[in-house]
Amino acid sequence: MPMVGVIGVGYIGKTFLDRLADTEYDTVAYDVDESQVEAATERGATAAESPADATRRSEFVVLALPGTPEVEAVMEADDGVLGALSAGQTVVDATTTHPETSRDCERWCEQRGAAFVEAPITRAAPRDGAHMMVGGTDEAYESARKLIEVLSDDHLHVGPAGKATILKLALQMRYAGRTALDSEIVEFTRDNGVDPAHLREFFGMNVSERLLDREFAQGIEGLGGLAIWHKDIGYAREVARETGTALPINGAVHEAYKTTVRRAGPDEGHAATVLRYWELLNDAGERAFQPADDGG
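The sequence shown begins at 6 in the working numbering and counts up one residue at a time.
Heads up, none of these hints are tricks.
What follows is a set of in silico ranges between Cβ atoms, one per label pair, in the way DEER data are often shown:
no.: 1; residue 1: MET210; residue 2: ALA175; range: 19 to 25 Å
no.: 2; residue 1: ILE254; residue 2: THR46; range: 42 to 48 Å
no.: 3; residue 1: ILE254; residue 2: SER40; range: 38 to 44 Å
no.: 4; residue 1: ALA82; residue 2: ASP288; range: 43 to 49 Å
no.: 5; residue 1: THR51; residue 2: ALA175; range: 34 to 40 Å
Below, a list of computed lysine to aspartate or glutamate pairs in the EDC-like style, where the Cα atoms sit at most 20 Å apart:
no.: 6; residue 1: LYS168; residue 2: ASP143
no.: 7; residue 1: LYS263; residue 2: GLU284
no.: 8; residue 1: LYS168; residue 2: GLU77
no.: 9; residue 1: LYS168; residue 2: GLU144
no.: 10; residue 1: LYS168; residue 2: GLU243
no.: 11; residue 1: LYS263; residue 2: ASP288
no.: 12; residue 1: LYS263; residue 2: GLU273
no.: 13; residue 1: LYS236; residue 2: GLU247
no.: 14; residue 1: LYS151; residue 2: ASP31
no.: 15; residue 1: LYS151; residue 2: GLU64
no.: 16; residue 1: LYS168; residue 2: GLU115
no.: 17; residue 1: LYS263; residue 2: GLU189
no.: 18; residue 1: LYS236; residue 2: GLU77
It should be emphasised that the hints constitute simulated quantities derived from the structure, not laboratory data. Predicted model only: the values in this text are computed from it and were never measured. Glycine included, each C-beta is placed from N, C-alpha and C at the ideal position.
I would like the entire structure built from these sequences, with the hints used as guidance.
Structure, rendered in structure tokens:
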């Protein structure tokens, strides 16, 4: 049976292991956090001692890491992927990184006769399920296609390496921007004596209940949406700076997330925490909403 090495078995990596269970694939897992490796073995994976160990034992290597620095470290370290990679293997990077990171990884893999595809994943699209955007050569895509069909509910081969990450960053810009705009609207109504719940209850707007309830606890294991979107819209701004693309709205959104990340508490990882930015501007502090006096 083909062996898949999953490097990074946090929230996303464990979902991959769950999808791979009871399929034709066997799995081996590595993570810097030993407790995550233990959770992976409970899902049927064999523990690896290092990224290199996982690579040597695998036909496919799947990366599910926080971002560019972690991908570069895992690939280039003395006990990393590249030192153990050989011809005929395929690396699938599900991490959301800077697009240049994908192009670097593709070049490094090709130098060793291996295939590389980027395959960032999202579960936040309007469509139900987990969707992958895939970037890489046609040959590399075909080598990974069957595995990608197991790891996701649907996928799209966008084009060469780097292009799928551009599409993922565009999605992140929309998600982050929508949350930021909704936060501003909620604070506007609340600061002016109107219950923002009317936005949902009367107009049917899809405004997050977390913004109405000021519930900022992290929603998923790992970085959490606040840090993830801050990271990814930062990558988008780096790309735009290199290509000369104007992103005026994205710039304002990034400043809001940057300020919020610095002020969020240790348990406040949900993107709804960005509401704090507008509360800060309005000196709102922790004030509770008081219904408006509509009695004339």
